[in-house]
Every structure is written in C-alpha cells, then in structure tokens.
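Novice: Below, each chain spelled out in residue letters.
8 protein chains.
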Amino acid sequence: MEERNLRQILQDVQQGTINLDDAVEQLKTLPYEEVEGFARLDHHRSIRTGFPEVVLGQGKTVEQIDRIVEKLAQRSDRVLVTRILPEAAEIVQAHHPEMVYHPAARALVLDRTSPENRPEGVMVLTAGTADIPVAEEAALTAELMGNRVQRIFDVGVAGLHRLLDRLPDVRKARVVVVVAGMDGALPSVVGGLVSAPVIAVPTSVGYGASFGGLAALLTMLNSCATGVAVVNIDNGFGAGYLAGLINLQAVNNKSL
Amino acid sequence: MEERNLRQILQDVQQGTINLDDAVEQLKTLPYEEVEGFARLDHHRSIRTGFPEVVLGQGKTVEQIDRIVEKLAQRSDRVLVTRILPEAAEIVQAHHPEMVYHPAARALVLDRTSPENRPEGVMVLTAGTADIPVAEEAALTAELMGNRVQRIFDVGVAGLHRLLDRLPDVRKARVVVVVAGMDGALPSVVGGLVSAPVIAVPTSVGYGASFGGLAALLTMLNSCATGVAVVNIDNGFGAGYLAGLINLQAVNNKSL
Amino acid sequence: MEERNLRQILQDVQQGTINLDDAVEQLKTLPYEEVEGFARLDHHRSIRTGFPEVVLGQGKTVEQIDRIVEKLAQRSDRVLVTRILPEAAEIVQAHHPEMVYHPAARALVLDRTSPENRPEGVMVLTAGTADIPVAEEAALTAELMGNRVQRIFDVGVAGLHRLLDRLPDVRKARVVVVVAGMDGALPSVVGGLVSAPVIAVPTSVGYGASFGGLAALLTMLNSCATGVAVVNIDNGFGAGYLAGLINLQAVNNKSL
Amino acid sequence: MEERNLRQILQDVQQGTINLDDAVEQLKTLPYEEVEGFARLDHHRSIRTGFPEVVLGQGKTVEQIDRIVEKLAQRSDRVLVTRILPEAAEIVQAHHPEMVYHPAARALVLDRTSPENRPEGVMVLTAGTADIPVAEEAALTAELMGNRVQRIFDVGVAGLHRLLDRLPDVRKARVVVVVAGMDGALPSVVGGLVSAPVIAVPTSVGYGASFGGLAALLTMLNSCATGVAVVNIDNGFGAGYLAGLINLQAVNNKSL
Amino acid sequence: MEERNLRQILQDVQQGTINLDDAVEQLKTLPYEEVEGFARLDHHRSIRTGFPEVVLGQGKTVEQIDRIVEKLAQRSDRVLVTRILPEAAEIVQAHHPEMVYHPAARALVLDRTSPENRPEGVMVLTAGTADIPVAEEAALTAELMGNRVQRIFDVGVAGLHRLLDRLPDVRKARVVVVVAGMDGALPSVVGGLVSAPVIAVPTSVGYGASFGGLAALLTMLNSCATGVAVVNIDNGFGAGYLAGLINLQAVNNKSL
Amino acid sequence: MEERNLRQILQDVQQGTINLDDAVEQLKTLPYEEVEGFARLDHHRSIRTGFPEVVLGQGKTVEQIDRIVEKLAQRSDRVLVTRILPEAAEIVQAHHPEMVYHPAARALVLDRTSPENRPEGVMVLTAGTADIPVAEEAALTAELMGNRVQRIFDVGVAGLHRLLDRLPDVRKARVVVVVAGMDGALPSVVGGLVSAPVIAVPTSVGYGASFGGLAALLTMLNSCATGVAVVNIDNGFGAGYLAGLINLQAVNNKSL
Amino acid sequence: MEERNLRQILQDVQQGTINLDDAVEQLKTLPYEEVEGFARLDHHRSIRTGFPEVVLGQGKTVEQIDRIVEKLAQRSDRVLVTRILPEAAEIVQAHHPEMVYHPAARALVLDRTSPENRPEGVMVLTAGTADIPVAEEAALTAELMGNRVQRIFDVGVAGLHRLLDRLPDVRKARVVVVVAGMDGALPSVVGGLVSAPVIAVPTSVGYGASFGGLAALLTMLNSCATGVAVVNIDNGFGAGYLAGLINLQAVNNKSL
Amino acid sequence: MEERNLRQILQDVQQGTINLDDAVEQLKTLPYEEVEGFARLDHHRSIRTGFPEVVLGQGKTVEQIDRIVEKLAQRSDRVLVTRILPEAAEIVQAHHPEMVYHPAARALVLDRTSPENRPEGVMVLTAGTADIPVAEEAALTAELMGNRVQRIFDVGVAGLHRLLDRLPDVRKARVVVVVAGMDGALPSVVGGLVSAPVIAVPTSVGYGASFGGLAALLTMLNSCATGVAVVNIDNGFGAGYLAGLINLQAVNNKSL
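Chains as they are written, first to last, in this note's numbering: chain A, 1 to 256; chain B, 257 to 512; chain C, 513 to 768; chain D, 769 to 1024; chain E, 1025 to 1280; chain F, 1281 to 1536; chain G, 1537 to 1792; chain H, 1793 to 2048.
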C-alpha cells in the first residue's frame, strides 16, 4: 500500500467521510481468503499482477485442491493447477467440466479468456524428447498469462545443426525458455546465439551422475553465456511465468 | 546468418557482382579476432547485442588481460573487466588511464559514453552490508549497458520493516536484482511483493552451513514466489547483465 | 543420581536400616524395563521429565510397537506413537481402543488426562498447505505434554500479508514452531518479527533442488534472524516437544 | 504494529489532536536508522526485545563496523560485535575505549550495565578444548543479555565420567548450550540426561570427514534425544542468544 | 604363493618328480571355479581363511544364487547368502533343505558344523530396535565363523543408563560391534568405556537429515574415542566378519 | 560442411548448373528428419560416423520409441534402443519382428548386417556378477558397431588371482572396458596391468555409502593408473561406443 | 565400575573400615584431573587401557598443549601429541627435552620405555609416497603402544607387482594398516590377499574429484574385500591405535 | 608374465641351462627399483608401454622428486614431472640442466628424443583462456609420448562460431582432448560434431556453484554426445596420456 492511498484513507477519516471501524478494517485487512484453515487464497496477487495464484497440486490432497479451485474459479477466469495426477484431475474436473487436463504437463487449466490476439515473443526449446513435459508446463503457463508461445523440441547440442537450422526463429523471440536434462548444455549454446534473455530449466531427465537433475542445474548456473538465469529442476511453471512476464512487459512497454 | 543474407550473397555470386573467393570468405569467416593464441574476441557479440564481450579477469594473467583490453578498447567505447584484483587493475590502468577501477566490485571499467538519458527501471537490493560488492558488480554492469540503477542495501528479511518501508520504490522497478547470502530468503519475500521479474543472486557471505553460498543458492532455487530466477553464487555481473537486458527490452518495446 | 541420594543410601547401610543386597540393587539398577530383548523402556525419563518415552513407529514391526505400547500404557496416562501407518495403527488400536489415530500427523495417541486448564503459549505456523502433517505432529506433541496450541497454516513469505495480518497473535506466543518446506524462508521472517524463541522445522515438501528438505534445512540453519534453532527435516515431534518444554518452563517459572 | 496502536493514531486524527502529516509519518516510518547507505540499524528490535541488533563483524570493513558501533553506542548500553579480528577490534576500541575485546570468542563488547543480580540458569558445555572459542561466544552473548552463565569445558563423550561427574550441576540449568565438533555426540548424551532444553552447536573442529563441521551438524540434527535443537556450525552467538532468551522468559514468567 | 612353495615345485621339476605340464598347471592355475560365466567361486579364500566366500544376494538373480550355492555347498560346510529376499530364499531352500533363513537379517545360512565349543568374545550392541536386522546379520556372520556372540539391543545414548547398566558385560568382550542409525553416537560412547576394538556399523535407520545413514557414518568416522573403525552403512556382514576374525585371532594366539 | 563443399556449390551457382533455390536449400537444410514434433532424427550422424543415432528408451513413451524406430529402420540396417523395459520392447517388436531384445542389457537391437569378419580387440570385464547387465549393454553396442567382443565377468580385485589368471587375454585387447560397482577399484588394477586404453564404467551396484554408484565413479576418476577414462554411472552404451570407436580406428588405421 | 567393587566399598562402610566421607568420595570421584578449566585429563583411560590419553594438537594453543603435556608427563612414561606444528613442538620441547619430534608425522613423542622385546605383527602399507606422513603417524602410535611395526611404502595398485612381491611379508602380519589417497583402491586388493584384519586409512592426497580424501574414503567403505574397516581421512593415529590394540590382544591372548 | 615365458623358464630349469636360484629370482623379482624406502620406480611399465612412470610432483618433497628423477634419468630418455612448482623445479634443474620447465603446465620435462617425425592426430581444445594450463599439460604429455599435437584455445560454446570456424581442423584429428571449466559444455558440442573419440577434461576454472570443477565434471559425465569419456578435474596429464595412446595405437595399427 503506497503513501497516497494511506493519505487518502486518513483524509477520509479526518473529513468524516469514512467511519473509524471501516478505516481500521481497510488498513488492517488484506485481500485474501481462507479456505477452511488449510489454505489462504491470495486474490491480492491476482489484482496486482493480473494473474491468479497458481495451485501447486503436489503435496495437497484431492479434497484440498478441489476446495481451492472452487474458490478461485468464482473470482478468476484463469486457474492453473500444476503437478496434479490424472486421477486427481479427473475428480476436480467432475466439479469443473470447463477445465482441461494436459497429461504431458500434468496441468489442469481453467481458461475462460480468448486465445486470440495474444502477442508472440516467447520461445520454448528442449534438448530432448524426454524434456517435453516440463517444456509443456512452461508453455501452458505463459499461454495462460496471455502470450503466444512457439515450441521447438529435441534440438540438443549433441546434434548442433538441429538448433542452428532453427536459429532465425529462435533469434526472433523476446525471451527463450530452454529446457534440458542430462548435461544441461543447451542454454549455454543458445545464450551465445541470441540476444534475448534465456530462462534455463534443468530437468531430472538422465541417470547416474545426473543426480536427479543436479548436473544440469550446475551446468546452467555456471553458464559462460550472458543473459541466462536458472529456475529449479523441473520447474516448467516458474520458467513459463517469468518468460511470460518479461514478454508482456516488453510488449506493454511498462512505464515506471 | 539468416536465409535472406545467404540468398543475397548467392545472388551476388550469380550476378557476378562478387567474386568467388570473396563469397567463400564471407560465408566462412565469422567476425572474431584472435589475440596471440590465448583468446578470441567476439566482436560479433558486440554487433549483435550492442554490448562488448566482457572480460572475466579471474584465471587470466595480467598480461593476458592487458592484451585483451588493448584490442577491445580499439573497437568499443565500453569495456568491463570483472573479478580483477587492485594490483592487476593498476597495471592495466597504466596503459588505459581512462579506465576506472571500482574496488568494492573488483571491476575495471572503460566507458566513453554519456551516463545521461539512461532509462530507469533496474533496482538492486541487498540483504546485508557484506553483500554490497556483488550488488555493485551487478549495478555497474547494468549501468554500463545503458540503464540507470537504483540501489537499496541492507534490507534483509530479519528486519522486515526496512524492506517494507522502501516498497513503493521497489514496486516501481521493471526488474529487481536481489543479492543475499546466508539464508538467501530475501528474493522470496521480494518476489511476493512485486510483479516485476526478480533476478536472485546468492552470495558466499556467511559461514558454517552456508557452504560458500550453497545454502542461499538452494533457497533461491526453491523460492515459493513466482517470477524469480537465479544466477551463480556471487555472479553480480550475470544478474546485472540480465536485468539490464530485460529493462532495455521493455523500454525499447522490442518488436519481433 | 545426585550426591545427597548416594549419601542417604550409604547412611542407611551404615545404620543397618537397609541390608546390603538392597543397597547394591538400589545403586545398580536403573528404572527401565526390557521388552523381550528388542526394546528397553525408559520409565526413568518419564519420572524425570513428566513425559513418557515416545515410540518412533518407523523401523519397528507392528508386533514390536504393540508390545511396547502394552507396557507403556500400564504405567503412563499419555503415550505417543509417531510415524505409524494407518494399517499398523489399526492393529494396535484393536488392543487399545482408547487410543486415537491422527492420520495427517501419522500419530497414535493415548491420553487419559484432561485437556482443560492447559496453558497457552505455543504457536505452530506453516508456510504451505503441504506442510500441515508435520505441523500437526508438532502440535499434537505439545498438546499431549500439557500445552494449549494455536495453529496458523499457509502463511508463507511469498504472500507476506497473510503472515503480517496474523502478527498480533503470533507475537503473543511464548514459543513459535515454524514449519516450512521448499525455500524454508518463513522462520527468518518470523524470527525478525517476534521476540520469542523460534523452533524451525524444515520439511521435505518441494521438488528438484529441494533435495528432500535439504534446501529448507540449510536456509533455516543460516537464518539471519536471532532466536532461531532448527530440528531435523520433518521432525514435527522434536519441535513440538522442545516448544512444549520451553512453554511449560516459562509457565511454571522453573526454579534452579 | 498492533491494531490498538493503529486505532489510537486514527482516533487522534479524527479528533484533530494530531495533524495529518504527523500521522502519515507515524504510520509510514519505522524506527530504524540508515548509516551512509551501507547499513540500516534496527533500533526497533532493541525496543521490542530489550537487546540491540548485534553486529556481525565478518564481511564488513573496519570502517563500516566503526560507523555502525558509533551509532549504536549512542543509543544503547550494550553492543556486541561478533567475528571481529584483533586488528579490527583495536581500531574500533581506539574510538570506544570502554569496549572490551575477548580474543578467544573474537567478540568486542560494550556493556555499561551491572553484571550483578543476573539470574542463573544458562549452562555452556564443550566436548573438547578446541571448542572453547565458540562456547565463549555463546556465554558472552547470554551474559550480555542479562544472564549468569556457568561453563564446563572438555567433557566429551569419549570420557563419559567427566560429564557424569558434573551432572548435578548440569541438571540444575534451565537451558543447556552444548558445543561440540568432530563426532558431535555430546548433545545426544546430554539431552538424554537432562530435562531442560538443549541448544546444540556444531563446530568446525575436526579434520577429514568432519567436512568443516558438517558431520557434527548432521549428528546433532539426528539426535535421538528429545528437547534438542541445533544452530549453524560455529554459531556460538545464535545459541547463546536463544539460551539467554529461554532462561529470561522462564525467570520472568512471561505472560501472554 | 610364497617362495618356499615355488622353490619346491621347481625342485620337483629339476628332479623330474613332476612333469612339465603339471608344473605349469600348478603355477598357473589358481583354485577357483567358474559358474557358467557369471561368477567365479573363490575356494582359495576358503583354504586360506578357513571361511568360504560369502554370496552377496543383492544384484543377483535367484537362478544365479541357486547355482552358486549349489557349487559352494559341495565343497564347504558353511555357506552364507546375505541380502536375500524371502521369496528368493524359499526357492534356494527348496534345493537345499538344510539351509536356514533368518528373516530379520535377510540371511540364508548353511551350517553343518557344531555350534558347541565356540569361544566367546564378540559382543553386538544396537542403539535402537530398528537397528536389529543389521546387528543380526553381524551376529550370524560371526557365529558362522565359529564365535559365540552376545547381543544387547536398544541401548542408545539418549538413555545412557541402559548402556551403563550392561557395562560389565560389554567390558568383557574382546571386540564390540556397535550398530546405530540416526545420530550414530553410540560407538563414541562405547569406545570411551571399553578397551577392546570397536567396529562401528552405521545404519540407514532414520529420516530427513540422516540421508540414508550418511549422518551416522560421518559421526562414527569422526569419533573422538580411540579404537573405533567403521564399515559401510548397513554392512552387518562386514562388521561381523571383522569382529569374528579379531576374536578368533586373539583366541588362537596367532603366531607370525 | 567443409570449405571445398561450399566452394563446389558456389561454383555450381556461378556456372548455372544449379538454380538458386536448390543452392539455398542445400546450404540451409541439414540432413535430419522430424518425427511429429517430438524428435529429430540425425541421419547426418549416421552418414558421418557410420553408425545411426541410438535411441535412449528411458524417458520416452512407447509410442515415441515406436515412431522413432519406424523412421530409423527405414534408413539404417542397425538400430539400438537402450534402457527399454521388456513390456515396451514387446510392443515395438510387434511392429519390427526382426528386432531382438536382450533382457539383461535392457536393449532392443535391429541388426541386418553379418556378424562375420568383425575384428577382435574389445575386451569387457566386470568386477562382479551384478555388473553384468551394464557390461552386456557395452558389449552389444560395440558388436553392433562391427567389433568382436570378448567378455570376462566376475574378476573383482578382492580375489585378484581371478584377474591375473586371465591377464594374457586381457593384455591382447586394443581397448578394455572395465565395469565395476561398489569400490570401483578394478579399473585401477587393470590400468596398471595393460598398456591399452581403459574405459571405466562405474555401476550403481552396491548399497549404503556407494550412493548409487558415486563411490565407484569417484574411485575411477581418481585412478592412479594411466590410460583410464570414465563414463557416467551405468553407461554401458557410452563405454561400448567409445571402445568400439577406438578399436575400429586402430584396425582401420585411420588417416588424417 | 563393576558390581564387586561397589559391594566391597559398601561392605567397608558396613563394617566401619572406611568412613562415610571417604566412601562418598570413592564412589563419586572419577580419576581425572582438570587443567585450569580448559581440559580434563583422563588418567582413568590410562589405567584401564594401559595407554595414556593422546593429545590432539590441532585446535589447541601452544600454551594449552604445554600445560597438558606437563600434567601427563608427571604420571605417564608415554605421551603422544599428534598434529602439532614444528614451531609449537619446539616450544613444548624446550620444557620437555626428552621428547622427540617426528616432522613427517607431525608428532611429538615422550617415550621412557624400552623399544626392545616389542612383539611384531603390525604392518603399515602406503599406496604412494605422499601418503607416508599419515602412515608414519600410524606406525609411531602402534610402536608407542608397544608393538614392532613393519613399513612398506609406495606399493599402490597401479603397479601391482610392487605389492605382490612383498606379499609373503604382508601375509605374516596379524593386522595390516593400509594408507592410500586418490582412488583408495589398495585396501580392497590387500584385503583380498591376506586373512588378517585390514585397517584402511584414506588420505587427502590427490586433487580434483578426490574432494579432500572423500573419494578414497568412499572406496574403502565400499570395499568388496572382507575384513576391512575404515577410519577417518588422514587419521593415522586412529588406525595405528586400533592396529596396535588388535595385535597386542592377539599376542597376549586376552582372556575374557 | 604369460604362460610361454613361464614354460621357457621351467624348461631351462629342467634342462639345467639355468640354476635353481636364478630361476627363483626370475620368477620372484619384478623389474622395479626402490628409492630409499619412499618410492618404487616401475621400469616394468616403461618396458611394457614404451613410456616411463611419470612423477606426480604434488605431495612429494623436493628431495624426493630429485632422487626419483635421478634414478629415472639414468634409464630413460623421457621423464615427466607434473604439478611441480617453479621453486622445486629450479632445484631439480640444477642437477639436471637438460630438463625444461613449462610454467603454464607446471611440468618439468626431460626429453632426449627427437621431436621430428612424430605423427599428427591429437587435437587439444580449451573453452577459455584460463583452461590453458591444464591443456598445456595434456599437450606436453602427448608430445612426450611421440605425438604431434595441435592446440586451439578459447573456443567455448558461448561463442559457437569460434569453434565452427575451426571445425575442419578439429574433424581431422584421431582423438580430441577438450578442456573446459565453468559449465563444461564444450565436450558435448564437440562430441556431436566429430566422429573421433573425445577425452573431456573438467577444470577447476570458475567460481560459486562450479564447486572446484564439480559442475564441469558432472556436465561431461552426462554428455548427450557419444564417444566422450572423462578424466579427473584438472587432470591434463591423464587426458594427454590417453589421447596419445589412442593416436599411437591407430597410427601403429596395433595387432592383437
């Protein structure tokens, strides 16, 4: 809450246009909503960022997810449940038939907005075929935020010409999400070839000394290329969200 | 090289307006320059990104740095040498008196451009006083790219009101660099309070179970806040570069 | 055994008010009880601390748990079995119908005492919904020790206003248990806002670089806030026990 | 800031007993002080907790420490600078002759209060001789907070009788700080022998597979004893602070 | 093969008492036996050490175990299969009805020798009930080698009196195997109380920061007590073998 | 693409023997093939190396594997699918009856070439029986590349004579693949006994502090023997490929 | 203290042959001695084990070491200070001219006993030349305990014949200490060749992925050979002590 | 020693052409030489491999290095001392003026052979300038073995065109050593572009999450490219040796 709002409320109090209890309430209460003790929905975030709080399905019971979606769907046109298993999604869908389940991304999506007129600018690349689920989570997220997303899959560095051939397209993007497991080398190569920000997503794809994605994560953190930042292993959502944000900010020419 | 350039060169060959050797040369050569066998300067990057290849001082001899700066200073108005010790900087400065050394950031800077009219939008925060050197490296980098940078230091989460008091300023930024060692918790809090992208920089500040910055790095990678990405431990340059890029892209409303 | 007890026994021997064998026995035997070779019950602890040895269910067979509970229930009004699966709990309950199973906390509880008149002072917070099971284990433990426990769930730092709104309540506590997975940042923020001791509990909630709770653990160990100590990952019992102890000590104004 | 304060200010505004600008200022400003851009002093914490913000010397320049001490010494009777080297302490002492340097603890202390009438209740143990510096940091901290501290050093588990002999004293404490490197086993043994809370401090004392204190840290986190919590490796300050807090709370019989 | 054997064979060749092919064979062949390409049985070890090669069940198919046991049972009176699941053991037992399966230790044992007259001297302790399976593997191994083994279980350091009460027995042993998970502190305490060698066995019992036994392993490696050595996590067999060896050597007063 | 090819195409353009569009196409297109968006087949590699891109089965759906094999089998006589489970292999075999599944190696192989006249020179050793699956993957790979492979299994260093007895055979090889889990010591010993390159393959065979093969991996990387290089844990394919390459190069006396 | 001693004291009390205060003292006091608050000397251990408490020099000030040696030298004929730097040793030697400093082992030794008639049986091997300091610490320790020690250095597995040539000697030992850094493979090979217990000592010799001895440590813990146990990295003292104990026990045919 | 040699010696004994003691000696002695107890020189290796045992300077005293070089220089024309500091090298050179010190590679070399007529085929690449020392160690090693080595430095993946431009040269090599720190991505890219074996060398160049080369090491072990194997961090010698071996084997068309 910025100073001018504060001053306005105080002026209202001073001028008697608002009573004391209401003023206390306005200053005290923040716009969130409690769901039966186990969750607090952050409508505030939605107001501020133009995007609702996403529900991380992992670690929640189906009942909990269901109740949270219930609340969110009443106030928002766009809801995203990530890391939700098919069986759980099916149960939630029974109450919300308008939601769509994307099995590869393990994502359940409510989107009442129109996909038309979304600006281009977000590119999602994968090194291999097995990285696609994480990439799809990223792409779905950015799309739901209002971006048009281009996907190019299986262009890992061990067959460099596959990437180089698509370079003109990649270079057009305002932000590039690069998803890779195993050696995690693709973001370094892409980062050296484009001038846009690169959001690198290590995946747990691999075996042995990949240590569940640790190898790819370290590779990306140590990238020699400039303009590369990294999110958590398998965190397609985080990468898609950040990429969507960067693209929309550039499109909308955000003023200070 | 995109298809239309290729087509143009081939048309020139077809029409005889360029001879064969020149065409081969154009297709074969890439615009970099070799410095006595130990380094290859990437002017290509400068042309493409509007920013020269930065010199990572660490791991290079003073002589090597000196020779590389020599070459770069001939072609570029802006050169940044990072992680260079005062003694080495002094030697290089003897040949390049116009360069300025920033001891806190361990950075040597050549900047023949005017600092006026640089757009605002980049905010750099630190959790503690000891994080300032890394933050300064980030700020210097973004400034050298052509941004105006606002710094707010020592606003760690253990004294939350210090951050909340500056929140209006922080919320105005187009991109926020958050530098923190020890528990590395600041980016999560900032990420929940702003809607701009947050570039989190873990530092090696701390002791014991901070394990040289590993604790802060893991905290940031696992941030519950959205819109947060992470760079390497102590990588102020990388964060400043990415933040500068995001800000400039938004300012310039980059078209595809 | 303190010196005065020793002296008393010796005086009894000297004065012939106790025979030799009994004296030897008193000095030699410690008040524990063996359960068929696989466990030794520590009634001594119960006498000393006013709380029975808790049974860690994990790693024990159902038969072993059953036999241990059998012995404990004969001598104590309060028994806590932690980390016990529903199937195992059901078998034990068949023999001890007065026991109650708490599925979220995976805890089986015998409590013949009255919950009335328990002093307030213990607060249990969680960062997210998925941290609730560990928090419940902590709360149940402190309650069984004779504390009244207040729970506030899902107040993680990425939506800071959720916590700030409940701050007056949190500040009233004599000790605060803070349960958080993923980035584990909540204890640092709470530690900076309250003056009571904070017991931080990292959870294994998260994925990727959370490495089973390691990230949250390191964050908490490196907390910049004062008055914070940490227990093992997912160790709700340990945190609840320590918090209960601190609260009861303050309530009872323990003399030296 | 709690609701009743808020309500009071608003009533003052309503009743015209405070003008608008002052009200804004009171609501906006938080009681900290900025030191030339590199540090923010948290007098608020001092007011709330009765103890000033401690200065972590490590990572700060002597000049920075000196300026911060300057500010703190004007408002507080008790200042603690931790992890400060003798040379730096000497420079600061030149401006603050009343400060005392404790070389073993690497601590610089200003204490204008009287050490008399401080309540007993804090016990500090070490496993070995090399753990003493960390233990002294803990003891000094608790003393500066207003506790009387008893020290028993070199009672590691490999010579158990050394501990058992002092057990009556140890059992009298309201809280026990246990400092141990190498195998870090002492807190488990102490935790099983006393009913008071145990704050375990792993130290970096050891070699080889102690991995800078990691071994002792893990031992303590996995302690089988109840009532044990852990702070960072070598964090004597943190342990002393928490122990002091617990003891004072019990002494003062803190009401809710 | 020692020099005198070599010299003897050569003398036999010189004197013609052995023909050339036989000599080559004697020098070339080592007494092992191949089992259909997938295993090589080391009867040599049996001859040298008086104990047959043990079969590590883990990682082998039931068929492979069965064939190996087949071969070993023809030449040896004592065969030990470790880490074999009940289903696999059942199949092997069908062909070798004289073998006994010990479910706690997951061990399948053939022992045609008499358990009488085995010398005492090996003591096996556990910290908790959940460590018993590993301890049983150790005890069975030492028994099969010809030792009498005494077991004392559940005497962890958090209830020190349980151990102290059994100290006279423990001190009689020639070698003590100490099995502990979680904090792994028991070997340090035992090592300080006895003068016999202590073989410490970390177990994977625990959760969270026990990291599958790593915490206990590090504790034991860093033990402050003298006379302690460590084997792999859960390696009851290795500890039992070494303890058995040490005891038999002392009993037999091995000459050089 | 080397300069002379480039020059040839340009000459063709100059001389009009090729039209512009075809030239653009030749320069632009690289010989790979896209499979419905999820994979890009690298026939280029096959042309260059004489061996087709291998399909890593892990992380791909059965449908994806099936489609990729479909494409590859049309252009290549030799296809290798690694890390494919029996159920998946069965489905693919239904469409490609000529493929053979090797259960131990989890490999599905298409080989229309003749196994005759393949040169010897590749030796594959294992330390234990449980390492055989990885060794078989290595051997199959080298065979499919056109090598004859000799296997010697279960010759670990704890029974050194088993290896020494087969030393003459091992010394004849041009390259030795050494597969070992647990302590991973075999490559060091073999590397000291042979003069050929040794490709060391750590396996995840073991338990406890083997940490999924990490112990064996580190052992091999730190080998004191010369001529040893290491591949990923359980990466039989990688080792077999490299060994096959080295052997074929030596056989074919590759000219520069 | 065993039961019969306890009974004897009580009988003395009963019969009045000892007064009450003396009995209390005997039961209460344990035979250690405090050195000015920073150390507790364990003469008890000396009485029990026939060997004095060794002084770990690392982490102690020269003054502390000096005072401890002062006390120990008054009561014991044999004192060992380990990990003491030459400068510190020189200072201590000034007060104790009879002490001898062994620079390779960094050990300061007082030995007033005769080295004659010490039994053979302890063998110390090293893999390389750089491992000798740790091996010397082990050998010195065992010698000071009263053993004769044979040393064979630089017999690492990469040149196996160096070990095999000395095998007859190695096989004669009652216990073998094997010291190795880098790949740490020597204990596995030795363990397979001898039937005596093997005490493996990993050293920090190496670079890169040796991670300060971690690689060698893990190798040894995962040894496939039987009869091998491991001590901490660079812990020559611990290995020498254990080896000396095992040998003396076998020599003395310890009765139960 | 192979069977035919054994048979020959036995025939000589049988026929009396060799006396018994000489035969024993031949069978017993292996051709190494002991240097005053601290090292065993392996001339056997030299005979077998055509290359002398290299001296690892690290961890040895100057005196030890000097004595070892003394012995080696008498029997071999080529000696390589690695990881030797300039000061130590100077002392050794005083006794061996014909030796040459290479400061970048920290290598001291004796080479009395002619560098002419050495076959080409070994290529050494580095990702950055700071990787050159390790690359030089590799190149020197391969050269000393009798190879001609081509070096191309500073062609890291962040500026891909630098590598692509030199691709024709790189593709001509029989074996490629790729040296890279930080993200360690270069070997994956090179491995995908060439058909020759790639020996990847991670370096400790980097900071933060490079963890002393661990990041680059893991990247390389997880390389998606085929034909890549890895050596220890900074192990230029090991890579150069293996590359030299592979090249010479291919040149010499080694027969079985």
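One or more hints might be untrue.
[Stated by the list, open to error] In silico DMTMM-like pairs for lysine to aspartate or glutamate, Cα to Cα no more than 25 Å straight-line: (1) F:K1452 with E:E1060; (2) F:K1452 with E:D1193; (3) B:K327 with B:E376.
[Unchecked claim] Now the stretches of chain B that chain A is said to cover, found in silico as 3 or more residues with beta-carbon under 8 Å: (4) 343 to 354; (5) 494 to 506.
Rather than coming from a laboratory, the hints here were simulated on the basis of the structure. Glycine included, every Cβ here is placed at the ideal spot set by N, Cα and C.
Novice: Compare the structure with each hint and give your call.
Specialist: Status of the hints after comparison with the structure:
1. F:K1452 with E:E1060: Judged against 25 Å, a Cα distance of about 23 Å means the pair holds.
2. F:K1452 with E:D1193: Judged against 25 Å, a Cα distance of about 59 Å means the pair is violated.
3. B:K327 with B:E376: This hinted pair is violated, its Cα atoms lying about 31 Å apart.
4. 343 to 354: With 0 residues closer than 8 Å to chain A, the segment 343 to 354 of chain B misses the three-residue bar; violated.
5. 494 to 506: holds (count 8)
Checked against the numbered hints given earlier, the structure breaks hints 2, 3 and 4 and satisfies all the rest.
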